[in-house]
Amino acid sequence: DAKTTQPTSMDCAEGRAANLPCNHSTISGNEYVYWYRQIHSQGPQYIIHGLKNNETNEMASLIITEDRKSSTLILPHATLRDTAVYYCIVRVPMNTGNQFYFGTGTSLTVIP
Amino acid sequence: EAGVAQSPRYKIIEKRQSVAFWCNPISGHATLYWYQQILGQGPKLLIQFQNNGVVDDSQLPKDRFSAERLKGVDSTLKIQPAKLEDSAVYLCASRKWEFDEKLFFGSGTQLSVL
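Read top to bottom, the protein sequences are chains A and B. Under the numbering used here, the first residue of the first sequence carries the number 1, and numbering increases by one thereafter. Under the numbering used here, the first residue of the second sequence carries the number 1, and numbering increases by one thereafter.
Derived from the structure by calculation, the hints contain no laboratory data. Since no wrong hints were added, every one of them can be taken at face value.
Cross-link-like lysine-lysine pairs, in silico, DSS-like; alpha carbons within 30 Å at most: (1) B:Lys-102 to A:Lys-52; (2) A:Lys-3 to B:Lys-83; (3) B:Lys-78 to B:Lys-96.
This is chain B alone, in the form it adopts within the complex (with noise of 0.2 Å):
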């Protein structure tokens, strides 16, 4: 089965200009995550779906960021206003359920804000 797919995967912009992530799950997944991956520091989650509806955005930053998944299959994350600190690698993760064993990430995204 294909694994959990992102684009683009790599991107490098200026502070203050906006940027966008794509996230295609595994098919049939109804949880999907946005974690944040700082260098040298394990992922940090910044958001959960299930299907199509939030149920944990404590730990993402509302004024600048923002993410939907409007049909319950792909997701976007952006910033705007990127700053220095969003430099990291943006990581999708998905599973079945959100009490499923496993997770499964994709390759992520990495960010470099100049």
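Next comes chain A alone, as it looks inside the complex (with noise of 0.2 Å):
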């Protein structure tokens, strides 16, 4: 059922950027790109989303790729706060309204 692919696991030192790469390559063109992360025993948060422009919010910046196949999600400066479960996630509009489609997730730590 997934639709996303991620790197399991990723480290980043403090005060760096944070990179987070997702691949999609079966997307299709009415499908959104969303980013939720998850702290340890809390329940996922929305971070950004787009469908085919870059975004930008004050949490994090979303590149997609021209073919929409792959999309990188940045933390521009990382901090420890920042240590969790990052999904990428597409989101299908059907009948019964938009769905998620969650993979496995990258988990990040952000070293001191």
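With the hints as a guide, dock the two chains, each given alone in a separate frame, to form the complex.
Quick look at the structure:
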């Protein structure tokens, strides 16, 4: 069911940019890319989403390739609080509403 | 605004026992979901409600799992009888309507079946 593939784990030095890649090679034209993160013992938290243009908000930037088959989430200045599992998700419009398909995520560890 | 509330936070039961989880979505959110998250995996949809009606329960193991949202607000998910493989975190999520952009999650109930 997962429509995305991500590396299992990554490390990043505190203060540096964290770049988290995601492949979604079977994505369709009306399917959005979302990123959520899950800090230990909490529910997933929304970060950012996009269709085909690059997006930026106060938390992160999302870079989507022109062919839309992959994307990168960028945390510009990682802090220890950014240690979490990051999920790249494809949002699929269905008759019952927009459905989110989670993969297995990338466990990001920010190192002091 | 208050987030999605879930209880209990943790539950330990023995196999073949029954268990129930409760969820109160964000006020005004018509669409409510229950997800199952097994350790090391992403959340998997179990059931979706629109107000008090079920719109998708195709992934719900109906021989042992049941869910209701009688008044279109809070919801209960039940497992009876529980199996060892039901050990997981059960997440409730809500959104204003089924095509809304963002999905908001609760902190989940961690179930251990011994």
